[in-house]
Amino acid sequence: GQSLEQPSEVTAVEGAIVQINCTYQTSGFYGLSWYQQHDGGAPTFLSYNGLDGLEETGRFSSFLSRSDSYGYLLLQELQMKDSASYFCAVSGAGSYQLTFGKGTKLSVIP
Amino acid sequence: DAGVIQSPRHEVTEMGQEVTLRCKPISGHDYLFWYRQTMMRGLELLIYFNNNVPIDDSGMPEDRFSAKMPNASFSTLKIQPSEPRDSAVYFCASSGDTGTDTQYFGPGTRLTVL
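Chains A and B, in that order, are what the protein sequence lines are. According to our numbering, the first sequence is numbered sequentially starting from 1. According to our numbering, the second sequence is numbered sequentially starting from 111.
One should not assume that every hint holds.
As the list claims (entries may be wrong) - In silico lysine to any residue, SDA-like type, Cα no more than 25 angstroms apart, as pairs: (1) A:Lys105 with B:Tyr141; (2) A:Lys102 with B:Phe184; (3) A:Lys102 with B:Met125; (4) A:Lys105 with B:Thr212; (5) A:Lys102 with A:Gln19; (6) A:Lys81 with B:Thr148; (7) A:Lys102 with B:Thr222; (8) A:Lys102 with B:Ser137; (9) B:Lys188 with A:Thr99; (10) A:Lys102 with B:Tyr141; (11) B:Lys134 with A:Gln19; (12) A:Lys105 with B:Leu155; (13) B:Lys134 with A:Lys81; (14) A:Lys105 with B:Glu154; (15) A:Lys102 with B:Ser168.
Simulated from the structure, these hints should not be mistaken for laboratory data.
Please model the complete structure; the sequences and the hints are all you need to start from.
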């Protein structure tokens, strides 16, 4: 089976940097993805890590350490519109299905 | 592309009634996923299809739930009979074989069973 742990809530100030951690346990691992979901909206893809290291996409970066079963999402220059829930998700080798964490609700305050 | 299309966007029904949710995946995507999202249980995978064939339905909660994909551009999730505990947002997502397992979600159907 697969399980993921991430903080339930994080609050950060506009313009700051925030890191959302995700640890996982899985019987087979292919990659770690991050999705963003605004209230009332649908999850949307942010980033994917299949190999160890940092992936950067604009203000967002994602990191993976396969040996530590750990990853994080880094959001820089926070904006009010970044207030949303962020989900990490793992995909297993040979499977295209994703198992999602419970999500981290990020609140960006002025 | 219009993205994943789901209908209806909102459904209110009474306990015992049949509910049918519909999904049109992104053209060319060969994977289709049905999820349920609640505050208590988060985002749960119910079933997924590859090339219209159900691959894993272990997340379907009970026999009251059934899903079909008669062709590459249409899928349904049916609940019969519906119960109040089925109230949730149901998402459909599709994916192509991109190597990153990226899934594209529809807007969801908010189901309320009274």
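Verification of the hints:
1. A:Lys105 with B:Tyr141: violated (28 angstroms)
2. A:Lys102 with B:Phe184: Between A:Lys102 and B:Phe184 the Cα gap is close to 29 angstroms, so the pair fails against 25 angstroms, i.e. violated.
3. A:Lys102 with B:Met125: violated (28 angstroms)
4. A:Lys105 with B:Thr212: holds (21 angstroms)
5. A:Lys102 with A:Gln19: holds (16 angstroms)
6. A:Lys81 with B:Thr148: holds (23 angstroms)
7. A:Lys102 with B:Thr222: This hinted pair holds, its Cα atoms lying about 22 angstroms apart.
8. A:Lys102 with B:Ser137: violated (30 angstroms)
9. B:Lys188 with A:Thr99: Judged against 25 angstroms, a Cα distance of about 23 angstroms means the pair holds.
10. A:Lys102 with B:Tyr141: holds (23 angstroms)
11. B:Lys134 with A:Gln19: violated (35 angstroms)
12. A:Lys105 with B:Leu155: holds (20 angstroms)
13. B:Lys134 with A:Lys81: violated (29 angstroms)
14. A:Lys105 with B:Glu154: Measuring from Cα to Cα gives roughly 18 angstroms; hence the hint holds.
15. A:Lys102 with B:Ser168: holds (19 angstroms)
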